[in-house]
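K.L.:
Sequence lines, in order, name chains S and P.
Under the numbering used here, think of the first position of the first sequence as 24, with each following residue one higher.
Under the numbering used here, think of the first position of the second sequence as 15, with each following residue one higher.
Please note that a few of the clues may not be correct.
Sample of chain P residues facing chain S (criterion: CB under 8 Å; computed from the structure) [stated by the list, open to error]: (1) E23; (2) E29; (3) G45; (4) L46; (5) H52; (6) A53; (7) A182; (8) F186; (9) D187; (10) M221; (11) A222.
Between beta-carbon pairs, the in silico distance windows are [as the list claims (entries may be wrong)]: (12) S:A65 to P:A85: 20 to 26 Å; (13) S:G69 to P:A175: 28 to 34 Å; (14) S:P72 to P:D77: 38 to 44 Å; (15) P:I197 to S:A65: 28 to 34 Å; (16) S:G69 to P:A169: 24 to 30 Å.
Hints were generated in silico from the structure; no laboratory data involved.
Cβ atoms here follow ideal geometry from the backbone N, Cα and C, with glycine treated the same way.
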Amino acid sequence: MRNSSPRNSLDAPVPAQESRPVDVKRRRFLFTLGAGGAGAAAAVAGALPAAAAAQVAAAPTDDQNAAYRATEHVRDYYRTAKL
Amino acid sequence: MVQWQLEPEDQARAEFYALLARLFTGAPDAGLLAAIAHAPPLVPPTHTDDAGTEPANIAGAWDRLRAASAAMTSEAAADEFHTLFVGVGRSEISLYASHYLGPQSGRPLAEIRSALAELGLARRPGSSEFEDHVGVMLETMRMLVAGDAERRPAAIAEQRAFFERHIARWVFDCCNAIERCAIANYYARVAQFTGCFLALERDSLAMA
Numbered sequence: 024m025r026n027s028s029p030r031n032s033l034d035a036p037v038p039a040q041e042s043r044p045v046d047v048k049r050r051r052f053l054f055t056l057g058a059g060g061a062g063a064a065a066a067v068a069g070a071l072p073a074a075a076a077a078q079v080a081a082a083p084t085d086d087q088n089a090a091y092r093a094t095e096h097v098r099d100y101y102r103t104a105k106l
Numbered sequence: 015m016v017q018w019q020l021e022p023e024d025q026a027r028a029e030f031y032a033l034l035a036r037l038f039t040g041a042p043d044a045g046l047l048a049a050i051a052h053a054p055p056l057v058p059p060t061h062t063d064d065a066g067t068e069p070a071n072i073a074g075a076w077d078r079l080r081a082a083s084a085a086m087t088s089e090a091a092a093d094e095f096h097t098l099f100v101g102v103g104r105s106e107i108s109l110y111a112s113h114y115l116g117p118q119s120g121r122p123l124a125e126i127r128s129a130l131a132e133l134g135l136a137r138r139p140g141s142s143e144f145e146d147h148v149g150v151m152l153e154t155m156r157m158l159v160a161g162d163a164e165r166r167p168a169a170i171a172e173q174r175a176f177f178e179r180h181i182a183r184w185v186f187d188c189c190n191a192i193e194r195c196a197i198a199n200y201y202a203r204v205a206q207f208t209g210c211f212l213a214l215e216r217d218s219l220a221m222a
């Protein structure tokens with residue numbers, strides 16, 4: 024098998040696509056960001072807010088937040104774009 | 015917080031998405047400016063057939079953003095953010111998909127809402143942004159790439175579908191508008207890096 028990961032543990036998701044040749048090409052393409060990036064992104068990650076401060080989150084199951092508060096935030100661009 | 019084990023490339027993608035979502039949601043504070051300024055450079059690709067491509071361009075754009083972050087104060091960044099992006103009908107630059115796509119492209123806000131609902135996501139209570147804000151889109155990509163406590167990282171096909179449908183059609187126009195804006199200074203560098211990063215994303219997702 025060409026799967027590069029011998030692990031198959033529960034905490035290590037191994038995408039099915041990983042073993043395909045196209046992903047070797049894609050990973051090389053992204054080398055600048057990742058393995059070749061020497062942690063450039065990781066260096067700033069510590070200064071970012073925790074996920075709790077992010078804009079989106081898992082939707083609550085009771086769906087009460089589906090009623091967004093558009094009236095508080097109506098902007099001109101939005102009015103014109105919708106009509 | 016659950017940390018899925020990701021490939022280095024995907025970990026970096028998630029972190030850059032998080033950084034850019036943060037920068038377009040509000041001006042950087044002093045700590046974030048310092049963190050960017052002191053971050054290491056990106057290493058341009060050594061493969062000759064990659065020369066001149068986005069992987070090559072993004073290293074330079076990152077260098078310029080690092081330099082700008084070293085020179086910028088948080089007060090000046092806050093002023094610039096407010097002037098560029100804040101103000102009802104009076105901001106210089108819109109960060110919303112609806113502005114760029116227009117009525118002929120359907121209803122971007124309704125589409126992104128239904129896409130988020132399908133993903134089991136919603137705007138966090140208290141968030142003041144519409145869902146078609148670039149920061150919300152970038153944050154959604156981060157969650158698709160990295161996963162979270164309730165979901166595994168999304169398959170590349172799902173990432174690509176979201177990116178192509180909700181981001182690629184307008185975000186480059188937005189970045190170009192910021193870069194061209196005469197009063198953009200720090201955010202011109204942010205926009206340039208964002209454009210390079212998202213072009214890299216577009217091309218790499220297209221390969222998968």
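K.L.:
Double-check G45 of chain P for me: the hint is only fine if its C-beta lies closer than 8 Å to a C-beta in chain S.
P.N.:
holds (5 Å)
K.L.:
Given A222 of chain P as an interface hint, is the shortest Cβ-Cβ distance to chain S below 8 Å?
P.N.:
Holds. Min distance 5 Å.
K.L.:
Range first: 28 to 34 Å. Now tell me if the beta carbons of I197 of chain P and A65 of chain S are that far apart.
P.N.:
holds (32 Å)
K.L.:
Can the suggested window of 20 to 26 Å be confirmed for the beta-carbon pair A65 of chain S and A85 of chain P?
P.N.:
With Cβ atoms ~23 Å apart, the hint holds.
K.L.:
Given a hinted range of 28 to 34 Å, is it respected by the beta-carbon distance of G69 of chain S and A175 of chain P?
P.N.:
Roughly 31 Å apart at Cβ, these two residues keep to the hinted range, so it holds.
K.L.:
Would the stated hint for H52 of chain P survive a check requiring a Cβ distance to chain S of less than 8 Å?
P.N.:
holds (7 Å)
K.L.:
Does A182 of chain P pass the interface hint, meaning its C-beta sits closer than 8 Å to a C-beta of chain S?
P.N.:
Violated, about 17 Å.
K.L.:
Hold the hint about E29 of chain P up to the distance rule: shortest CB distance to chain S must be less than 8 Å.
P.N.:
This interface hint holds because 3 Å falls under the 8 Å limit.
K.L.:
Answer holds if the nearest beta-carbon of chain S is closer than 8 Å to that of D187 of chain P; otherwise answer violated.
P.N.:
violated (14 Å)
K.L.:
For the restraint on L46 of chain P, tell me whether the closest CB of chain S is nearer than 8 Å.
P.N.:
Where the cut-off is 8 Å and the nearest Cβ of chain S is about 4 Å from L46 of chain P, the hint holds.
K.L.:
CB of G69 of chain S to CB of A169 of chain P, is that within 24 to 30 Å?
P.N.:
holds (28 Å)
K.L.:
Can E23 of chain P be said to touch chain S, with a Cβ gap under 8 Å?
P.N.:
holds (3 Å)
Of the numbered hints given earlier, the model fails hints 7, 8, 9 and 14; all others are met.
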